[in-house]
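Residue numbers (the working numbering), protein chains in the order written: chain W, 83 to 1048; chain E, 89 to 606.
Please note that the accuracy of each hint is not assured.
Claimed, not checked - No more than 20 Å apart at the CA atoms, straight line, and that leaves these computed lysine to aspartate or glutamate pairs for DMTMM-like: (1) W:K244 with E:E582; (2) W:K206 with E:E287; (3) W:K250 with E:E335; (4) W:K259 with E:D329; (5) W:K482 with E:D570; (6) E:K568 with W:D537; (7) E:K186 with E:E202; (8) W:K243 with E:E584; (9) W:K259 with E:E287; (10) W:K243 with E:E582; (11) E:K568 with W:D252; (12) W:K206 with E:D329; (13) W:K614 with E:E561; (14) W:K484 with E:D570; (15) W:K482 with E:D573; (16) E:K331 with W:D252; (17) W:K475 with E:E576; (18) W:K206 with E:D288; (19) W:K614 with E:D595; (20) E:K596 with W:E459; (21) W:K244 with E:D539; (22) W:K373 with E:E444; (23) E:K564 with W:E112; (24) E:K304 with E:E335; (25) W:K243 with E:E541; (26) W:K250 with E:D539.
The set of hints was computed from the structure by calculation and includes no laboratory data.
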Amino acid sequence: MEWNPQTLQFLSQCFLDTLSPQPEPRRRAEKNLSDAADTSNYGLAVLRLVAEPSVDEQIRQSAAVNFKNHLKTRWVPSSATPISDAEKEQIKQLIVPLMLSASPKIQAQLSEALAVIGNHDFPKLWPALLPELKSNLETALNASDFASVNGILATVNSLFKKFRHQYKSDPILLDLKYCLDNFAAPLLSTVESISVKINAAAALAATLRQLIEAQRLCCRIFYSLNYLDLPEFFEDNADKWMSQFKNYLTMRYPAVEDSGADGLALVDELRAAVCDNISHYMEKEEELFQKYLSGFVEAVWSLLVVASASPSRERLTVTAIKFLTIVSTSVHHALFAGDEILQQITQSIVIPNVMLRDEDEELFEMNYVEFIRRDMEGSDLDTRRRIACELLKGIAGNYKDKITERVSAQIHNCLALFAENPAANWKYKDCAIYLVVSLATKKAGGASVSTDLVDVESFFRSVIVPELQGQDVNAFPMLKAGALKFFTMFRVLIPKPIAMALLGDVVRFLSSDVNVVHSYAASCIEKLLLVKDNGVQSRYTSLDIGPMLLVLMTNLFGALEKPESEENQYIMRCIMRVLQIADISPEVASPCITGLTTVLNRVCENPKNPVFNHCLFEAIATLVRRACEKNPSLVPAFETCLLPSLQMILAKEVTEFFPYAFQLLAQLVDLNRPPVPPHYMQIFDILLTPDLWDKSANVPALVRLLQSFLQQAPNELNRDGRLRNVLGIFNKLVSKPSTEEQGFHVLNPIIENLGYDVMAEYMSHIWSSLFTRLQNSKTPRLVRCLIILMSLFLVKHGIQTLIDSINSVQANLFHLILEQIWIPNLKTITGNTEVKLSAVASTKLLCESPLLLDPAAEKLWGNLLDGIVTLLSQPEEERVEDEPEVPDFGEATGYQATFVRLHNAGKKEEDPLKEIRDPKHFSVALLANLSAQFRGRFPPIIARYVSPANQAALLQLCNSYNLTIA
Amino acid sequence: MADESAATPRRDPIKNPVGNTAAQRRRQNAVSVGKERREALFRTKRLCRVGVSSDMDVPDDSDMMIEEEQSILEAQTSSAVEELKNAIAFQGKGAVQKKVNALRELRRLLSRSEFPPIETAITSGAIPLLAQCLSFGSQDEQLLEAAWCLTNIAAGRPEETRALLPALPLLIAHIGEKSSMLVAEQCAWALGNVAGEGEDLRHILISQGALLPLAKMMFPNKGSTVRTAGWALSNLIKGPDPKAATELIKIDGVVEAILRHLRKSDEELATEIAWVVVYLSALSPVATSVLVKTDLLQLLVERLATSNSLQLLIPVLRSLGNLIAGDTYTTNAVLVPGHEITDSIILALIKCLKSEHRVLKKEAAWVLSNIAAGSVGHKQLIYKSEAMPLLIQLLTTAPFDIKKEVAYVVGNLCVAPADGSGRPSLIFDHLVSFVKSGCLRGFIDLVRSADIEAARLGLQFMELVLRGLPNGEGQKLVEKEDGIDAMERFQFHENEDLRIMANQLVDKYFGEDYGLDE
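Isolated chain W, as found in the complex (with noise of 0.2 Å):
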């Protein structure tokens, strides 16, 4: 594409027209664009729209944002279309200077698009860079230019995230000596210089506020360059460094943080940004640090307790809680020690942030999946109130009896406090409850824990019971929350009967309109039915659950109507639980696949939650398997509600759910008698389309589909072609590495469930495709998997015709695959039928075929009995080695679902050898029987051939079955 009037135009005309309202020119652009970006040089002429100024801003900040994205995918040169060398050499030498003259958003995504090219050629691919940026910065600085100061700082430090979290290795500490021996010096003195500006310009609101972005930012450079080591330079500068952190911790800057609350909340990122500089200091370098340390616990400590006492600056008050956390684990933990410092502590700085916000109760009302997902599900690690508790736990690490002593009044205190007036006080309860709770430890099993802080079967009896038993289900919701947390993280302590006689209360509360109260309700009874005494024995029982099952499902079902709680996920999961467990009559059955589909129906419209989805179908799963297992006169009626449902998730492509459609269609064929109905072949052919297989989200649900048609109606695969459409799709399958195992999975059912006269004329071509890929790409998966395809080819239709048949590819090549594949890959099958079945199929060989017992074969056959003897003898942890896992990186086809198994609509495992019980035995067996004919003929093979620890196992296992060898 080259650079003239015309591209302008017409670059303009696309990135307008994507802007477009209309469908129809929008599409149309987009596809423009997207085939100019195969030309060469596209990337580059984006990129002097961006900077062209007579352009619309608009249409150039839409450019700005294609120009990145095509970077994303064309800058590595392993992606599909790489931008050429040439073309990258001048973008680089472009963006730096655009970057810093365009506008803020502009700017954002130009600074973007470069990390994405520091990510990859950063910095020993664009020497020119780093030079560049600094003697930038030095002019910006010179010049107050503090938009462009904050610019380049900003690139920097996303150039420089690289370092962190990263293992040490010699090659990113050669890359970050080479930033340090470019950057630290510089760093410094920018740090200093917008000290001193700082200072000048205490009363410019506006400039001010450009000056502590900038060192925000350059605390975070900081961050990077110090994040894998303690470079020289920060060492040998530790004083100037730690005595500008300690500023910003100690000055106020009224000019901003008096302006309103994003004013203090800059400065506040900034106070946070030096609280994580020094909490890495103090973990990692403590050596160095301890000179400034008591300093800088003064200072934190002095902020936490304003800070604590304000709402909001949450941001702040959970960095510098950090940074005390990590001093009380630390040696220093002594500096915490005192009676006085822990009972400031508990009272000034821990209870003031538990205690509930209005933040905290805005969050409960307008995001309840949100407030879960921090309360309950443990991302809450960055909120004040779980940071509050971990400095609790820090420095209950060495104090541990002072701390519960104190916490404990702590909370009888709040409950005092509670009692004294209910209605006011509430938030003194909800505080108590939220202490105990997450003091607790989390014990095995999920979420249950223990704690020393209370005596939880009494703290159960009097705190939360009467919350639970509270009549109006929506009165105090923040209350009846915890009391519900409270029970499920403590269900396994709670005794049976107690559980028992509150779990009507707690159905109660799946009806309240409140979206966290009834889902902590549906979480509760979940959980609640997953508890186990023992380890093994489910405490609570469909006996238990039975006598309130319909009202139950009838809240369940009624929670889902309430607004924003459509695709509740906790209600959602809690009906496929009790599905799992409740007896299923059909009274239950009937309103419940009824209940199911309408929301089927209703989520195929636009599938949003996956978690929600994927239980929904868990649970028509289960209920179609319980349900039909026990009364198969259900099918047709469950049929004719999920069909249609499922026909148009096919129709309508709602590629999301045709993993899920396809292991359900499998599911409905398992249940019919056959032979299968007519519709249901219909569905038959459109799984023989190719284009399905395509995506392998559908690759596993699609074999788990066609295996139930193959065992439920053989003959109709003979029909119009399809047996041959069916191979068809073998072949793909087994032509990539990535799908060989499912192209078997295919391909096993079929010799397993037709007659050798259906499929001869297709076996020659059959193995030899698959001998092919052996050559051009030997897996160990592969050769385990033909092997496998070899034992069950042979059990169902003869030795002899398995040899004849490969045979017919080329003359005598049986003979070398036994010699080169099977025998030596033996013992690298796994899995019990698997083990077994090539056990099986290898000793009948071994015994039974003329090729193996011709004496001049006998070290063929040596060589079988070891590998068999191999495999039933050892376990196979100690035969099977571990493989590098084949990386593919197989073509993408549009949008990707993913496949998830659907636990209840899956199959039991199928023995095709069902006759056999004991495959040690049978082989020793079928083997005594032969060497009772040739007497005398094995045992010096066996001595020759078999190795002496395969010997001695071998003549174990003919003990023990009271067998031998002669």
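Got chain W; can you put chain E on it based on the hints?
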């Protein structure tokens, strides 16, 4: 056969996290961004305050330190350079003495001031003049004074050191056999300062042939010369390119000289030689494989056992650690359990673990972790030694950096080396006894730390406890120490490796029934 999961190879997902890493010897990274912890003052660059030879006739007054205002000092310096320029231009009688006098004055200013006026000397044009004074055939006294001046200029800031570039060929020429010992030593000192500055300068020195003559300076038994040469060499070979170290070890006589000096010399000289060994063993596998076949290990262990000099103990420890980590011959053939040397090294390391010095403790733990990565015999030896209570105590109470090294020792003691099948297994007795002594808590602290290597180590140990202790005992212990919470922190961690490891552990040992956590 029907279920598609049936033919999937069953693999134990958890065995991979432990194996390779927990029982590994660790070499220090060749590239370092941190400050060199040599503990000796002015290690990389050294100002020469007193001449290399005490019998040189130096006027008495020059022993006094100059205490002048900086501005006066600078004025004196530029006039001294001016004087030198005149002296070189002067052709008449006493020209040589005039030059020497001018050099001596400049040298006095550069060596006797608290803050030597190096910058002034350079801007006044001293370097080309000094290089000129190094020309061959000049008197020793002149050469010595000129080299001394250059030495102190090279001890300055980076750009000041670089200013020596034009003088390097002559300085190198004078460390050859043709020059007197004293001149050679002073020139070696100057070169040592240059080499200490940076990798690019080391490259230049090596390409100009500094390595061989410096190596040969180590051969005689003259203490001060060998000391200076050893120090300069250690600067010259410190990489990160290993080429120089490999070349050095191949020079005839070098190995013998190193061994001789380490056997006989005083602690000061032994310190410099030990630093040479540090870099040889850290960078060059060739050098390491040569050195481990000599009695170097024996000598180092003796030094470790008998010396109380921190300056000497640090490079000795570092060398031992490198030799053990770098070549399996060390643990397989020399430090064999049952040999006297093995008992001695463990005793000496225990001495260091007990020492007051933080660095010694840390380095000793590092060396011990490398021995602990050896055979089961090694592990048992350490396990039965007096090191055990020390390790346990350090793991719970020491500062973070020491704790981390100790954790490597403990981790290695609990894992047996991989046998033929590539599968390391755990040593039950050791694990149980460490866990009984409360070590799990220390490891869980590491899991919580921001240091990702330490966190990995903590997770690996937790995995051992979970896998190794019978009857779900491990789960209970991890639970009790709040380890589940510590692991759950990694649920969304940026480091993929740790995230996977932690999530696998939680799933495998603490997962509830299907469906609870997708």
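Between K564 (chain E) and E112 (chain W), is the straight-line Cα distance small enough, at 20 Å or below?
Violated: K564 (chain E) and E112 (chain W) sit about 58 Å apart, past 20 Å.
Pair hint K250 (chain W) and E335 (chain E), alpha-carbon separation not exceeding 20 Å
With Cα atoms ~28 Å apart, K250 (chain W) and E335 (chain E) exceed 20 Å; violated.
Compare the distance between the alpha carbons of K206 (chain W) and E287 (chain E) with 20 Å, and conclude whether the hinted pair is satisfied.
holds (17 Å)
Are the Cα positions of K243 (chain W) and E582 (chain E) separated by 20 Å at most?
With a Cα-Cα distance of about 11 Å, the restraint between K243 (chain W) and E582 (chain E) holds, given a limit of 20 Å.
Pair hint K259 (chain W) and E287 (chain E), alpha-carbon separation not exceeding 20 Å:
holds (12 Å)
Measure nothing beyond the straight line between the CA atoms of K331 (chain E) and D252 (chain W); if it is 20 Å or shorter, mark the hint as holding.
Holds. K331 (chain E) to D252 (chain W) sits at ~16 Å (cutoff 20 Å).
For the pair supplied as a hint, K206 (chain W) and D329 (chain E), is the alpha-carbon distance within the 20 Å limit?
holds (17 Å)
When you check the alpha-carbon spacing of K568 (chain E) and D537 (chain W), does it fall within 20 Å?
It holds: about 17 Å lies between the C-alpha atoms, which stays within 20 Å.
Against the 20 Å threshold, does the CA-CA distance of K596 (chain E) and E459 (chain W) hold or violate the hint?
Roughly 19 Å separates the two Cα atoms, so the pair holds.
If you draw a straight line from the CA of K484 (chain W) to the CA of D570 (chain E), is it 20 Å or shorter?
Distance of about 19 Å is within 20 Å: holds.
Please verify whether K482 (chain W) and D570 (chain E) have alpha carbons no more than 20 Å apart.
holds (14 Å)
So if I understand the rule, the pair passes when the alpha-carbon distance is 20 Å or less; does K259 (chain W) with D329 (chain E) pass?
holds (14 Å)
Figure legend: structure checked against the earlier numbered hints; hints not met, in rising order: 3, 7, 11, 23.
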